[in-house]
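For this one, chain X is given, so just place chain H on it according to the hints.
If you want the building blocks of each chain, they are given just below.
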Amino acid sequence: AQSVTQLDSQVPVFEEAPVELRCNYSSSVSVYLFWYVQYPNQGLQLLLKYLSGSTLVKGINGFEAEFNKSQTSFHLRKPSVHISDTAEYFCAVSEQDDKIIFGKGTRLHILP
Amino acid sequence: DSGVTQTPKHLITATGQRVTLRCSPRSGDLSVYWYQQSLDQGLQFLIQYYNGEERAKGNILERFSAQQFPDLHSELNLSSLELGDSALYFCASSDGLAMNTGELFFGEGSRLTVL
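For the record, the sequence lines run as chains X and H. Our numbering applies: residue 1 is where the first sequence begins, and numbers increase by one. Our numbering applies: residue 1001 is where the second sequence begins, and numbers increase by one.
Hints are computed from structural coordinates only; laboratory data are not their basis. Heads up, a few of these hints could be off.
Keeping only pairs whose Cα atoms sit at most 25 Å apart, straight-line, the calculated DMTMM-like set for lysine to aspartate or glutamate is [unchecked claim]:
1) Lys104(X) with Glu1053(H)
2) Lys104(X) with Glu1103(H)
3) Lys1057(H) with Glu1108(H)
4) Lys49(X) with Glu1103(H)
5) Lys58(X) with Glu95(X)
Here are some of the chain X residues that sit facing chain H, going by a computed Cβ distance under 10 Å [what the hints assert, rightly or not]:
6) Phe34
7) Gln38
8) Lys49
9) Phe102
Predicted, not measured: the structure shown is a model, and the values here were computed from it. Quick reminder that beta carbons are idealized off the backbone N, C-alpha and C, glycines included.
This is chain X alone, in the form it adopts within the complex (with noise of 0.2 Å):
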């Protein structure tokens, strides 16, 4: 079965600094992944996801991630990040099934 795992419970980091969140993954076949970003007080919303085709994906708000295979990672990075970008970031790995399995979440904490 998939599991996900987020090194990194809290990330602190200062404004306009760039920023990566950590994520690796455990499957046995082919996999989807996704990163998926909680604001205070909301469900979650999709960032960026990738199903095939180029390795770094781009999404919104100028997130990307990149799918490494052989280390089986999916870090997310921004190259300079906003107060804005204060939320909880979930990375989610399906086994291209109905399931979609989430990671334990990373705080992001921006620093002013």
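Below, chain H without anything else, positioned relative to chain X:
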């Protein structure tokens, strides 16, 4: 606004009681997913329905059950409630099987507090 509606938004009840959480998916979406979010367990997949039929099951307790009705709304029933069932319960929907679209649309959640 994702288009997914969950009621109630907040619910406080006592141990041993039973509650029903309701979800209306986005117009046209056939799939409904239920997730439980707690501080220690993160976001746990419970169950998924597609056009009225159960399609996938996750870590759903036997005390919990769900169904999807002909009008595609879904209900999650939680019985014999325990303190540990206190959590935020999310419903999500998609327009087909998630493996084809890759995107789930989440409601704002139902916060259950068991005292």
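Verification of the supplied hints:
A threshold of 25 Å between alpha carbons decides the hint, and for Lys104(X) with Glu1053(H) the separation of about 28 Å lies outside it, so the pair is violated. A hinted pair counts as satisfied when its Cα atoms are at most 25 Å apart, and Lys104(X) with Glu1103(H) qualifies at roughly 18 Å. In summary, the hint linking Lys1057(H) to Glu1108(H) is supported, as the alpha carbons are separated by about 22 Å, within the 25 Å threshold. Our distance criterion of 25 Å between C-alpha atoms is met by Lys49(X) and Glu1103(H), whose separation comes to about 8 Å.
Simply put, Lys58(X) and Glu95(X) have alpha-carbon atoms about 21 Å apart, close enough for the 25 Å limit, and the pair holds. The closest approach between the C-beta of Phe34(X) and any C-beta of chain H is roughly 6 Å, which is under the 10 Å cut-off, so the hint is satisfied. The interface hint given for Gln38(X) is met, as the beta carbon of that residue sits about 8 Å from the closest beta carbon of chain H, less than 10 Å. Among the interface hints, the one on Lys49(X) holds; its C-beta lies about 4 Å from the nearest C-beta in chain H, closer than the 10 Å criterion.
Hint status for Phe102(X) relative to chain H: holds, with the closest Cβ pair at about 4 Å, below 10 Å.
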